[in-house]
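As you go down the protein sequences, you meet chains F, Y and S in turn.
Per the numbering used here, the very first residue in the first sequence carries number 547; after that it's consecutive.
Per the numbering used here, the very first residue in the second sequence carries number 295; after that it's consecutive.
Per the numbering used here, the very first residue in the third sequence carries number 956; after that it's consecutive.
It should be emphasised that the hints constitute simulated quantities derived from the structure, not laboratory data.
Please note that the accuracy of each hint is not assured.
[Stated by the list, open to error] One side only, chain Y facing chain S, incomplete, derived with CB under 7 Å:
#1 Pro336
#2 Arg337
#3 Glu372
#4 Gly464
Fair warning: this is a prediction, and the values are worked out from it, not measured in the lab.
By construction, the Cβ of each residue, glycine as well, lies at the ideal position given by its N, Cα and C atoms.
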Amino acid sequence: MATTITKPETLFGKRVRRQEDPRLITGTALYLDDLKMPGMHHACVVRSPHAAAKIRGIDTSAARALPGVAAIFTGADVTGLGAVPCAASIPGLRVPHHHLLAQDRVYYVGHPVAVVVGTDRYIARDAAELVEVDYEPTAAVADPEKALAAGAPAVHPEWPDNVAFNFHQEGGDTEEAFRQADVVVRQRITSQRLIPTSIETRGVIAEWRAGERSLTLHSSTQIPHLLRTLVAGILGMPENLLRVITPEVGGGFGSKLNVYAEEALMAYIAMKINKPVKWVESRRENFQATIHGRGHVDYFELAALRDGTILGLKLKLIQDLGAYHQLLTPVIPTLSVLMMPGLYRFKNVNADVVGVFTNCVPTDAYRGAGRPEATHGIERMVDMLAQELKMDPAEIRLKNFVHADEFPYGTATGLTYDSGDYAKPLHKAMAEAGYEQLRREQAAARAEGRLVGIGLSTYGEICALGPSIALPAGGWESATVKVEPSGKVTVLTGASPHGQGEETTFAQIVADELGVPMDDVLVVHGDTAVVQYGIGTFGSRGTAVGGSALYYALQDLKAKMKKFGAMMLGTEQVNFSGGYCVDEATGKSVTFAEMAVAAYHAKKLPANTEPGLVATHFWEPPNFTFPFGAHLVVTEVDRETGAIEIKRYVCVDDIGRIINPLIVDGQVHGGVAQGLGQALWEQAVYDESGQLVSGELTDYALPRASRMPWIESSHTETPSPVNPLGVKGVGEAGTIGCSPAVVNSVVDALSPLGVRHIDMPLTPEKIWKLIEGARA
Amino acid sequence: MTHSQNAELERQAAESSVAGPDNRLRITLMVNGDRREVEIEPRVSLLDALRERLHLTGTKKGCDQGACGACTVLVNGERILSCLALAIQYTGQEITTVEGLALDGSLSPLQQAFITHDGFQCGYCTSGQLCSAVGMMREFDDGVPSAVTADVASGTIDFSDTEIKERMSGNLCRCGAYVGICDAIREAHSEVHSEVHHAGESR
Amino acid sequence: MISNAFSYHTPETLEEALAMLEDGGGKILAGGMSLIPLMKLRLASPESVVDLRRIPGLKAITEEGGAVRIGAMATHHEIEISPVIRGKCPLLGEAASAIGDIQVRNMGTIGGSVAHADPAADYPAALVALEARIRLRSANGERTVEASEFFVDAFTTAMEAGEIVVAIEVKEEEASEGFKYEKVAHPASGFPVVGVAVRVKKSGAGIAMARIGVTGMGPHAFRARNAEALLEGGAGAAAAAAVVGEGEETNSDLYASGEYRRHLARVHAGRAIAAALTRAL
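When you get a sec, could you build the whole thing from the sequences and use the hints?
Printed below as a string of structure tokens:
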């Protein structure tokens, strides 16, 4: 049969509406707390109200007496189980044994002490109130610098210096660079603790099937497979008898890239009581007992020549770890060190990291994970240098950028930047903002006594995590593509999207490669019994690594389909295009559906070819990807009150090739929102005694609609050579680029008053005090 | 709802006016046009009653403290926080949840606009955003001013981004989809209005 | 976030409600915006909850002979849109509009807010500036308390045990008056870090009457009488604003120190006075 085949329009780059939206927009999507199992019990966790205390005793008798209480577990009940895991392997790392429930001491407010299980949520909560824990409070320390001081209370008595690890990295010859320098700028810069605050808190349901000796764990997680392996390890059960299902996940931002005590506890409890058990975190627990992000105190020194050429950077990084290591806690500051050179050419870096225990909930990956801290630091230091040398901040950046013809570019910290043209987004942002005009307006405003600032950041980031060598449990990703006998296509991805829209971007990739309608493609994820092993979604890796695995699986599948097509057309050479196999010589073709039927009915098979159309690919990325961009922020400070108004927010992000601009816009907007949160409002604050002062949403200020500026977002597109899609990753770009641009802008506004640095968040009172200080 | 049904619900509500702490009571809620009976303790929030007793899980719990807006539902067309409402207080009142927003089984213009403009990512706050937006558009059309309305006296309010953002500020979206939410509401509002306008013209 | 169990009552009359509260184990439920969160955190665990919503007339907003009466159960939203309020005491409407978000305004009531006496509530600034009276009812009858006497300390009022707020009474603002409620909202809670309510009446080039109420700065709302006197005595707005909060105690928290709050009160008093003057005829 001869057919005229028109290749369907490619979907790559199209603003395609999201496949996942209909269930989300109607309230029919099922998140963890929406699931109910027959006979399900409910757990409530009793937590420490003290930052540090000895437990003298626990009396559960009153709680047990409450009708409907099924069981109560304390530290003594879980001693035979494994610890909450930490995957970091830093030489000399001190790893406290992180029991699922506190044993004889508690180490932070929110530390789980007991679990009460009842027939309903209300009963479990009432009973938890009746558990009497006899605490003997001891001295606590919540500030990492104070924890390092001599005589500070020891978080873990066995390590009185509170040091969990020291990590050193250097490249080039920093001492020599500093000797040659005309100017050295120094600054202490903090990146305050932040609370990730996904609007859906964490939650778990565990179901034990005694007859099969199998356990199903439903968890709101970003890493279903890793969770399965690690929870099986904690419980000492065969991994293949544990199934993890990730329902719809209401945001993670890194906080669900972890293995938490409650996940293993619920699994254990379900087995013990032989009933399904559900635990859903309250907002207060989420603030106290889910990881926080950031928590840096950084001492920077930047050396340069008088003409603005940067020579080298020294850093002493103090990381507030909290009381324990969660999955990646100690790894996060090492990512900061890798990113220290930013987009600049200098080859001399010397960094010392000290990881410090405090009586606080652990820090770990939160959107950006180590990279926002680094970018904030270098971008602040570059601005400070410009201020010192009386250079324009754009000019000093352009002078120091790695040149477009130098890629792949090896950095002082051992990375190889994949591709880039760093001046391009900066020029574009300046053009779109009207930089020269803005500077003229600023001069005029200053003449009137107004405080107007223009701030830049030119950020780089490490994305598409990553080569397996760089990640504790592997950095590859997997994909399976199945063409069903009917011609429908099912994708099983090891990534675990939870708002990133990969059900759509992956369907776009499939539609382009196979020539099938997007609606014929189903993307399945988040069930370890259905999907081959995978790593998960974090570190802007879902599309760049998971999508690439999918791309290669599709190539394998196409090769097989071509064999069937050739056999059916009775020829050797066929082209696969637009959903057809075509014999170019005759113009004859077979359709996608015809090939699918042939592969499954298997009446006749091509030589050395098995029936069926399934291909699986595990893709190991050869490198990270390195997105970059420029953010430009115009602010005006109210001289009387210190209040900050963002007048313009212009961002140009180069995230490699763009598959779906609609989704990319959303990621940029969301990233910027969280960056603004850090720059202006958010801070997790513990008082001297280790109480979390910002313990509620009424104290901890998330960005809200009324405070968001209009975001002028655009892109340059420099393909990444690392993966076949040319994509780099966008999940964290906005967050990383934002905070230094905002702070640089406000410092610029206040620079006539002699201000050179302000730590985040830029609360009006802080600004007001600086203005007052200058007046005095 | 007919008048007699109303009266019956009122009577029921009156009867349920005293409930002891252990006294579970049977109340009737009118949800998305359906009469639903539910047995509850007085301390059960409207949110828990909807989610746990009536299995309407579209309405979400974000903070359970009235600070995030994820639990927003409409009561007699007005948006409220169902986590801070006791179910028992809402006997006989018209409650609308996200499950009741679609029209005859197809998405409402607002829902469509949320998809077109990507007004959400993870979707968790979306039910609350939608209910809030429905209430907000009604308030706007009723001429209710907001804290940012410049000239209350003039009686006309511009459906500006500033107005939309202020009026939606009770609903947090941690994914930060505020730009899309704002665009979606603007479009849905203008669509409804152009339809009204159109109908007027054709007469 | 589940409260302790309680019994729930919906009295039909104030007498019934007062009787239910006699044993001291009960709490009044108005809009629930403060009580329910406290109960869910188990910071409050009343044995019984007495819901006032069935008592007739408690929601009414009426005006008679230049006096506006706002029923305790009127919601913030009902107040912000009430034609009576907009026409007769628009300052109160402006303060109501500034409260939290619309979900909260649809649920929360003026009586609940006033009785709870959060030091950072919006209303008290307007109420003291309006010289409002809080009408209280107990088994012994009714009495009224001046707003400036009513807010005694943080979460503490002049109410005695067994009293219920039944209404807020406000004298009509004169049509020629200018008014303004200025607020610095806390970025997380929406509560005022500082809120300033101003009323002014012009007299030729001078100011015949000035009332300035401040909330959020200290443990309770207060009238800045020193600043009012300066304004009425012909001093400029800047001079008057500069003394607002003098001698008053300040609150301090993570977001704003007492010193900064006092400063904000002065800056925003200045701005509110200027805005009120432009509105005054």
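Hints, one by one, checked against the model:
no.: 1; hint: Pro336; result: holds (4 Å)
no.: 2; hint: Arg337; result: holds (5 Å)
no.: 3; hint: Glu372; result: holds (5 Å)
no.: 4; hint: Gly464; result: holds (3 Å)
Taken one by one, the earlier hints all hold for this structure without exception.
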